[in-house]
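A.B. asks: If you want the building blocks of each chain, they are given just below.
Number of protein chains: 6
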Amino acid sequence: MKKGIGNCSVGDAFDNFLLIKGSSRGVASNGKPFLTLIFRDATGEIEAKLWDATKEDEELFVPEQIVKVSGEVNQFRGKPQLKIFSVRPSQPTDGVQVSDFVEKAPVEKEALMEKLTEAIFEMKNSSLQRIVRAFIKKYQEALLTYPAAAKNHHEYVSGLAHHIVSMLALAKELHHLYPQTNKDLLYAGVILHDLGKIKELSGVVTTSYSLEGKLMGHIPIMVEEIGDMAKALQIEGEEVLILQHLILSHHGKAEWGSPKPPLIREAELLHLIDLIDARMNMLNRSLEKVKPGEFTERMFALDNRSFYKPLFEEQ
Amino acid sequence: MKKGIGNCSVGDAFDNFLLIKGSSRGVASNGKPFLTLIFRDATGEIEAKLWDATKEDEELFVPEQIVKVSGEVNQFRGKPQLKIFSVRPSQPTDGVQVSDFVEKAPVEKEALMEKLTEAIFEMKNSSLQRIVRAFIKKYQEALLTYPAAAKNHHEYVSGLAHHIVSMLALAKELHHLYPQTNKDLLYAGVILHDLGKIKELSGVVTTSYSLEGKLMGHIPIMVEEIGDMAKALQIEGEEVLILQHLILSHHGKAEWGSPKPPLIREAELLHLIDLIDARMNMLNRSLEKVKPGEFTERMFALDNRSFYKPLFEEQ
Amino acid sequence: MKKGIGNCSVGDAFDNFLLIKGSSRGVASNGKPFLTLIFRDATGEIEAKLWDATKEDEELFVPEQIVKVSGEVNQFRGKPQLKIFSVRPSQPTDGVQVSDFVEKAPVEKEALMEKLTEAIFEMKNSSLQRIVRAFIKKYQEALLTYPAAAKNHHEYVSGLAHHIVSMLALAKELHHLYPQTNKDLLYAGVILHDLGKIKELSGVVTTSYSLEGKLMGHIPIMVEEIGDMAKALQIEGEEVLILQHLILSHHGKAEWGSPKPPLIREAELLHLIDLIDARMNMLNRSLEKVKPGEFTERMFALDNRSFYKPLFEEQ
Amino acid sequence: MKKGIGNCSVGDAFDNFLLIKGSSRGVASNGKPFLTLIFRDATGEIEAKLWDATKEDEELFVPEQIVKVSGEVNQFRGKPQLKIFSVRPSQPTDGVQVSDFVEKAPVEKEALMEKLTEAIFEMKNSSLQRIVRAFIKKYQEALLTYPAAAKNHHEYVSGLAHHIVSMLALAKELHHLYPQTNKDLLYAGVILHDLGKIKELSGVVTTSYSLEGKLMGHIPIMVEEIGDMAKALQIEGEEVLILQHLILSHHGKAEWGSPKPPLIREAELLHLIDLIDARMNMLNRSLEKVKPGEFTERMFALDNRSFYKPLFEEQ
Amino acid sequence: MKKGIGNCSVGDAFDNFLLIKGSSRGVASNGKPFLTLIFRDATGEIEAKLWDATKEDEELFVPEQIVKVSGEVNQFRGKPQLKIFSVRPSQPTDGVQVSDFVEKAPVEKEALMEKLTEAIFEMKNSSLQRIVRAFIKKYQEALLTYPAAAKNHHEYVSGLAHHIVSMLALAKELHHLYPQTNKDLLYAGVILHDLGKIKELSGVVTTSYSLEGKLMGHIPIMVEEIGDMAKALQIEGEEVLILQHLILSHHGKAEWGSPKPPLIREAELLHLIDLIDARMNMLNRSLEKVKPGEFTERMFALDNRSFYKPLFEEQ
Amino acid sequence: MKKGIGNCSVGDAFDNFLLIKGSSRGVASNGKPFLTLIFRDATGEIEAKLWDATKEDEELFVPEQIVKVSGEVNQFRGKPQLKIFSVRPSQPTDGVQVSDFVEKAPVEKEALMEKLTEAIFEMKNSSLQRIVRAFIKKYQEALLTYPAAAKNHHEYVSGLAHHIVSMLALAKELHHLYPQTNKDLLYAGVILHDLGKIKELSGVVTTSYSLEGKLMGHIPIMVEEIGDMAKALQIEGEEVLILQHLILSHHGKAEWGSPKPPLIREAELLHLIDLIDARMNMLNRSLEKVKPGEFTERMFALDNRSFYKPLFEEQ
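Protein chains in written order, with this note's numbering: chain A, 1 to 315; chain B, 1 to 315; chain C, 1 to 315; chain D, 1 to 315; chain E, 1 to 315; chain F, 1 to 315.
Errors might be hidden in some of the hints.
[Stated by the list, open to error] No farther apart than 30 Å at their CA atoms in a straight line, the calculated lysine-lysine pairs in the BS3-like style are these:
hint, chain 1, residue 1, chain 2, residue 2
1, A, 253, D, 151
2, F, 291, A, 32
3, F, 151, F, 289
4, B, 172, C, 253
5, E, 183, F, 183
6, B, 260, A, 138
7, D, 291, D, 21
8, F, 21, F, 291
9, E, 21, B, 83
10, F, 183, E, 104
11, E, 172, E, 183
12, E, 289, C, 199
13, C, 32, F, 83
14, E, 289, F, 291
[Stated by the list, open to error] Counterexamples of contact, computed for chain F against chain D with all Cβ distances above 12 Å:
hint, residue
15, 62
16, 75
17, 133
18, 275
Just so you know, the hints here were simulated from the structure itself, not pulled from any lab data. Every residue gets a Cβ at the ideal spot worked out from N, C-alpha and C, and that includes glycine.
Work out the full structure, taking the sequences as your base and the hints as a guide.
C.D. replies: Set out below in structure tokens:
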């Protein structure tokens, strides 16, 4: 199999299909128009210039178009750039489709769904269980395809479900180590905590923020949804308020978007589990790209730190 | 009319009815029990010690009980304390009632209701108007009696409505000065912004925080209520989301409890109007208690500042 | 009337007079010199490149020179750039002058002066009134032409007076709503609060900071001026100190340049009025440029927020 | 068995042995001396006044003395106080000893040691294993008796080992969930991270800070010790530096005492594991003391939060 | 000579003259009035209670009255308290005066004045020299008696001049080490930087803040005074603005009261010299009170640190 | 002697030897490769483009190569750029060497060593003296050649020794002004405080951070080294701990990398001396480059301030 664009080094030749993620027109110093294209495949992204672009080119090379590109990877202002030798739109006979060019969770949807079902099955508190089950039913399709974020962590197809399932495993173990904790509450919090992202984010492939996402954010969206769902299911009792509190407080403090800090043991634990899984996801993916003895690129969501991969990892 | 307890100076004799706000038992250095009582009337509060308290005293002198007290105002550790000469529970024939001993807004409920009605009448956007009207109907009684806060500003009977009506006047003038602003949105935001306090606070007389208030806070409570109300009234369109955003963002920034900062012109203005009215209420009430040439006590909610009353205010 | 440069979209042709705001020489990758020109008119600014520039071009195309330009608006690195087809210096017969190319307040100088005079006429405290009147006399010309800032808000000809007059209207209404406030003090504070900008800023057209502005800032400059003026007018009494305090504290807190926070009721109100008028000016001008359903550009002075213009503003 | 002092409510009679933790002399308003005593047993602490104290009393009732006290639990300024009816020093025949009056970890020393041994046995990297084993040997006695802190979390006999063993269980599970992590490094970091506390804290019973603790802190102390140990064992290679980095960075950021933030994946995870175990220890012990439907006391080390115990925990 | 009150330990008898610094009336739990008195002499302060105080006592024992006291130093709530055996007002024949009871700089006024004169004599820039000389003349008496602050550092008679002279010595050496610095500017900045304290503080003996001090602060006060002085002396040129900038910026940053940070090399150095001398004054005076091997009390103005005096200082 | 590259202005011709500090390959818009070269000599740095670069060029023009360049200084995006007319590698006969192209301290190594020796000779505490002497011996060569930092201050050959010697002079004077301070401790702290940089930085010429520097930093490195050295010299006593504390705390607070703030008088003074010398070094070197009446470039390590050089400095 050919190398993906994210795995190419400066100097490598490239000849394969890519998805156009962005396209904008400029005028070169010689007065002629050119296109700045952002290509991507499942392994990464790269910028390219199409010099002396015609009107036709502008119409052909637009976002979400798949193209066949042949070129060479160069460096421009410290970042890789693809020097284009030739480029053409893909054709039906090429047998490629958009979903081939986006990154996916390393676990299949079916496996993710199974893990969710198992967790719900373990729950004993019927109020919490019914609410969770109703949400899974309501959002099943989106839940299994959405990313967990527009960038930073789990920003790939099925990232949301991958994040939830990974957190469920953590929650199970932590409940085992600290048996005083309420497992049902933890599970419910884990499964629902980021579900508001389905309304906050615009979609699966080219993810941005919806108007509701920008003006409300996924936390208040989900708090309201839980209230609505409980009314619809005619569930009463402290569980509803406590569950809303878990969602509301899961970012940990006001500066990070939680108007109330965790004031319930399981809320504190949910916040910490979320932190660990998000950070480990970012770290693992970033460290995968470097060799022992090297530092990763700086990661903004990790206080701009650059991590070191020890030499003895080689053994 | 006799002086209220809040207007007495050290050395003044006192002989009048007071409401017991708090009572706790202690043991003096001579081994005898005593009661620490917090008295209040509409003008203020004072602490007192009832030495050599009997079992009977403990049962008689409990919170919400009105008593006739005769004593003298002393100073203890820099704060006034009432030295009790005699104290007895009030009797039906005394003709006093709890509502005589709590502070009230300087405007009558009827006048406040009239101002609210006028504002709603001025609104032209029917979605916003219907939502606001429905809330006024739903919460009318509480809205007209609740304080706007447990302490700091408008912390008196009808304080919430007083704060709203004062802000409405400000909103009207600001809309006049900046005609680009949407008056209906401003009015709706002003009227609804703190309505969640009816659920956040425990009640009118001895106000504390409810469990819902502690775990959710009035902002998420009200955001959810607006969503519910819009669904109940079958109102759709951006007005609902925008109105929810106004409530969500009215504390101005994340550290102050708004997970989103104002991102709509009227949201920004609502935040500023709220700030002005809360601060002017605190300042005016605090400056009233000092003479020209003096500084007020430090006010925690105003960054612990102590304000000066200029001498030329005497003229 | 032809479109201003600030109203052009990418792709528009442009053929009109522009003022050169900045000019710098560079050398192209082909070794030939070129000029980077910043053009402006009353509606906005745009950058342009003059390729293959001669020595003569360098001498002709300098700041404050008006030119006739014909070209097309392109995009370069995400920002508009004017592609020059031809450019020539304006001639006396063109009938254009520098003042045509700068933005002005939407209110005429005479109207602004009238509002100021009215406000002073309303004042009853003769100490405050005399100080204010003397300053208006001393700085009348500059006061009526200076911007209120080098950027961010009211950054146009007569911006300072426009800001003051707008704040006076607000002060008048706030005094009406909170009659305990001292109107004379408020008016004096409003009129004088930013007058130090006349020394802090370098001038009206291409505004930068003076040495005094950089080393002292408008607040200490104005505090000293008020002291001097009071001595010159032989005015004594607390009014002078209080007025200096209002100027000193009007930025609200130390981090924002006020060594003392507001400790006088009217100082607090002055700070809030200033905040409202500056923010509404920024917001209104920024929202004017976008259509309903769109977000504005990020505004640095508003915590880098991007505001949304609701769809129902269209109605 | 009789109730411990930490389990008594206001009004309860008390008649049992207690350890004196503190004693100080005062003079009452009647001019007579009295002693303020702090008593403790394994369940908690309480203050008491011994009125009309003689010279002899002062000499008898000193810290670390065990006494037999009979009295009643009262309330003073909102905190419980023991009213003393009689008090006498314990005698050899009473059969009580200091170790009966201090709190201990809920797990026995032998079990803790066994868990440590198991973990070391699992390690495969011989450099890390040898260093860890050498430290266990060097500090075995202290490691199994020291608290993990002077206050806040695991502040009881064997608290340090209890904290380490609890973190090891967490580390094991996290390595299982994130198999990319280096288990040996994690284990070594967990076992050694707080060992410097043996030098930082003054001892097991009445724990305060040593001079070395105050001027250096446990982090730099332990970093130096690891360097020394590696030299003594003639171990070279990156493992030593990386292990020192894990210790150095385990508080997560500079403000919390780590001059370098975690820059190794396992360092980040060590920091998070430490956070979880410390917080869960505080939370569990605090929630144990309240009933469902109540809030805990405020916990300083948890941002002064007071946590709620849901009603449905009763089920 | 007898021990001062600041040098007494708990248990010491005391029999000497003291100055009353504060006096307030209370009522004891037995219903009888008592006086809380704050005594001081040149070595320190102590609190005392005068039980069963008569009307006559209240009139006799007032602030600024010198009294002869015999008593014993006790401990109350962790702080020393003087138990009074007898107390009487001093009489003319006692030969004591208020100035005997206040702390003074360890250098005589004449010596301080001489150092100031020398420094001015060294200056070569006549503008700076004339301004400095005029201020020394204007404020000579106050300059030589005022403290440098109400508390924290140099808070004793002649503290201001002591601080200035100490800083001049430092400035001289730093100019020697960094000869690029302008000595005249440094000297002028040092001598004038805190002169505004003469207006900011209320006086020499019982120092508090004046109204001008509270509303303006010594920095803006002095900036204005320098402007006035320069006008009076008809001095023009950049020296005046630069000198005002040195004063304005000498607290180093906005949060500490300097609206502009140092932007001139000598301004930066002035800030650092001020920091060193203030801190060394606090440190030296605090360390004098403890023995080698002990920690000082916490010092608020030094970030609440408690400093250690090494054992080897004994040698 | 010819002008250095750091002293050239835009428009100047240049014809001299330069050292290549960096080299990277790019592809121009015409598709041809070019090299971006960073040249330096002892006076500064400049960027240059070598257009149409051949494979041979790429091999010749690499870092640490000395070249003869003839060209002209141009401006590109606001920064100087050298337009290359011709460039060739230096030859043995040119008689140039790498050390000619790096900046050096303005004092010779021998003079620096002499000052160090003098200081050690003045010390009386033998424990401190022996430790210091042993370190000087251990690191003499590196100490006399290393820079004090990779950038910001004393970032030149022998910068570390220059910084130490300059601080020693300051320490001597401060000890003279505050004779209570312990001179030996101060001297030892000054000489050793930054010695850890020898391990933190990669070397003398093209200085970056070593792995140990990135994961540990020079402070913990040096604390450990002092402990080791004391053990090697069999020195015991509080001096070792106190000296380690001085190193540990010399950055002043946790946020700046000192896990403990200064808690010893000499530690506080060491921190302040370090601050002064680092800042004066930066300021003097930056102000040297501008004329009276101008501002320096912004300096990141001085809170991004730009300093003004007064006009009267010309005299």
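A.B. asks: With reference to the structure, classify each hint as holding or not holding.
C.D. replies: Quick rundown of the hints versus the structure:
| no. | hint | verdict |
| --- | --- | --- |
| 1 | A:253 with D:151 | holds, 24 Å |
| 2 | F:291 with A:32 | violated, 44 Å |
| 3 | F:151 with F:289 | holds, 17 Å |
| 4 | B:172 with C:253 | holds, 29 Å |
| 5 | E:183 with F:183 | holds, 27 Å |
| 6 | B:260 with A:138 | holds, 27 Å |
| 7 | D:291 with D:21 | holds, 29 Å |
| 8 | F:21 with F:291 | holds, 29 Å |
| 9 | E:21 with B:83 | holds, 28 Å |
| 10 | F:183 with E:104 | holds, 27 Å |
| 11 | E:172 with E:183 | holds, 7 Å |
| 12 | E:289 with C:199 | violated, 52 Å |
| 13 | C:32 with F:83 | holds, 11 Å |
| 14 | E:289 with F:291 | violated, 51 Å |
| 15 | 62 | holds, 29 Å |
| 16 | 75 | holds, 39 Å |
| 17 | 133 | holds, 21 Å |
| 18 | 275 | holds, 18 Å |
Consistency note: the structure conflicts with the earlier hints numbered 2, 12 and 14.
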